[in-house]
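Protein chains in written order, with my numbering: chain C, 57 to 172; chain V, 57 to 172; chain S, 57 to 172.
Note that these hints are calculated values from the structure, not bench results.
Treat the hints with caution; some may be incorrect.
Footprint (simulated), chain V over chain S, 3 or more residues, beta carbon under 8 Å [what the hints assert, rightly or not]:
1) 74 to 83
2) 160 to 170
Calculated pairs, DSS-like style, for lysine-lysine (alpha carbon to alpha carbon, straight line, at most 25 Å) [stated by the list, open to error]:
3) S/111 to V/161
4) V/127 to C/61
5) S/161 to C/161
6) V/74 to V/127
7) V/127 to V/112
8) C/161 to V/112
9) C/74 to C/84
Predicted model only: the values in this text are computed from it and were never measured.
Heads up, the beta-carbon is just placed ideally off N, CA and C, and yes, glycines get one too.
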Amino acid sequence: MKDLKVLFHVSDNEVWPKALLNITNFLKDVGQNGAEVEVVANAGAVMAYYPPEEKKEQLEQMAKLSHMGVKFTACRNALNAHSLDESQRPGFVEVVPGGITEVVKKQTEGFIYIKP
Amino acid sequence: MKDLKVLFHVSDNEVWPKALLNITNFLKDVGQNGAEVEVVANAGAVMAYYPPEEKKEQLEQMAKLSHMGVKFTACRNALNAHSLDESQRPGFVEVVPGGITEVVKKQTEGFIYIKP
Amino acid sequence: MKDLKVLFHVSDNEVWPKALLNITNFLKDVGQNGAEVEVVANAGAVMAYYPPEEKKEQLEQMAKLSHMGVKFTACRNALNAHSLDESQRPGFVEVVPGGITEVVKKQTEGFIYIKP
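Start from the sequences, fold in the hints, and give me the full structure.
Okay, structure coming up:
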C-alpha cells in the first residue's frame with residue numbers, strides 16, 4: 057500500500073475522538089511515511105480547533121499527528137458560520153475556502169475517502 | 057475541476073441543513089455548471105420531501121437547488137418503509153428503486169461520494 | 057453492474073439496523089451473486105457482534121446475510137478497546153488488524169465505499 061492518499065472527512069464535532077483514533081491506528085499500520093493523510097473539517101467540526109480548556113488535550117493529539125505529517129484543514133465557510141477567527145486558529149491548521157470543494161478536489165487527485 | 061460529478065448521500069433526516077449548505081457552498085465554488093450534482097436520500101432522510109409546515113422552508117431550499125441543476129432522488133424502499141406516497145412527492149424529486157443501488161451505480165459512473 | 061465490489065463502513069453501533077437493511081435491499085436489486093459485499097465494523101460498531109439477549113435477532117440477520125455471501129469483519133483495535141474477546145466472536149465474523157486500514161485497502165482494490 058505505497059503511495060496511499062487518504063482523506064478523513066469530519067463534519068461533526070463529536071466525531072473527533074473516533075477520527076483521531078482512526079488516524080492514529082492507521083498510521084501505526086502503514087507507518088508514518090506509508091500514506092499521505094489529510095483531514096478536512098467542515099460544519100461543526102471546525103470548533104475543535106478552538107477548544108475550551110477541558111478539550112485542549114484533543115488539540116494536542118491533533119498537533120502530534122500533524123507533526124507526523126497529517127494535514128489538518130478547516131473550511132472557511134464553517135469558520136465564518138461559527139464566528140471563529142481564522143487568524144486565531146492553531147498554527148498547524150490550514151484554511152481551505154470550502155471544505156466540500158476540498159473533499160471533492162482531493163478525491164479527483166486520488167485520495168481515498170473515509171467518513172469516521 | 058471540469059466535468060465533475062458529485063453524489064451526496066443523505067440517510068438521516070437531521071442532516072439535511074448541513075447537506076444543503078454543503079451543496080450551496082460547493083456550487084458557489086465551482087459554479088452552477090461546474091459540476092453535476094445528485095443527492096440520494098434514503099432511510100429516514102426521505103421524510104424531508106414531505107415536510108410539516110415548519111420545515112417547508114427547507115423544501116424550498118431544495119427546490120431552489122433543483123432549479124440550479126441539482127438532482128434530488130428518493131429511495132423507493134425508504135418511501136415505502138415510512139408509508140410515504142410516491143405520487144404526493146414534490147415534482148422535482150425523482151424516485152429510484154433502491155437508494156444504495158443508486159449510490160453504487162453512480163460511483164461506477166465516476167461520481168465522487170460525499171456523506172454530509 | 058457485474059463484478060461490483062461494495063464496502064459498507066459501520067462505525068456506530070446504532071447504525072446497524074439501517075446498514076443491514078441497506079445491504080438486504082441492495083442484494084435484492086443486484087442479486088446474491090451480483091456483487092461482492094464486505095462490511096467493515098470498527099469503533100463502537102463491533103459491539104453488535106456480542107449482542108445482549110434482546111439484540112440477538114440482529115445478529116441472526118447478519119448471519120443470514122453472511123450465508124448469502126456478505127463478509128463481516130471486525131476491527132481488532134476496536135475489539136480490544138471495548139474489551140471484547142476475539143475468540144468468542146460469532147463464527148462468521150473475520151477479524152482484521154485495523155478497520156480503517158481494511159477500508160483503505162479494499163478501496164485500493166476497487167471496492168465502492170458506502171457509509172450507511
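Now the hints, each set against the structure:
1. Counting residues of the stretch 74 to 83 of chain S whose beta carbon lies closer than 8 Å to any beta carbon of chain V gives 6, which meets the minimum of three for the stated coverage.
2. Coverage of the stretch 160 to 170 of chain S by chain V holds in this model, with 3 residues showing a Cβ closer than 8 Å to a Cβ of that chain against a need of three.
3. A threshold of 25 Å between alpha carbons decides the hint, and for residue 111 of chain S with residue 161 of chain V the separation of about 32 Å lies outside it, so the pair is violated.
4. For the proposed pair residue 127 of chain V and residue 61 of chain C, the alpha carbon gap of about 30 Å is over 25 Å, so the pair is violated.
5. Distance restraint check for residue 161 of chain S and residue 161 of chain C: the Cα-Cα separation of roughly 21 Å lies within the 25 Å cut-off, and the hinted pair is therefore satisfied.
6. The hinted pair formed by residue 74 of chain V and residue 127 of chain V meets the criterion: a straight-line CA distance of about 17 Å does not exceed 25 Å.
7. For a cut-off of 25 Å, the pair hint linking residue 127 of chain V to residue 112 of chain V stands: about 19 Å separates their Cα positions.
8. The straight-line distance between the Cα atoms of residue 161 of chain C and residue 112 of chain V is roughly 33 Å, outside the 25 Å bound, and the hint therefore fails.
9. Proposed proximity of residue 74 of chain C and residue 84 of chain C is supported: the alpha carbons are some 15 Å apart, at most 25 Å.
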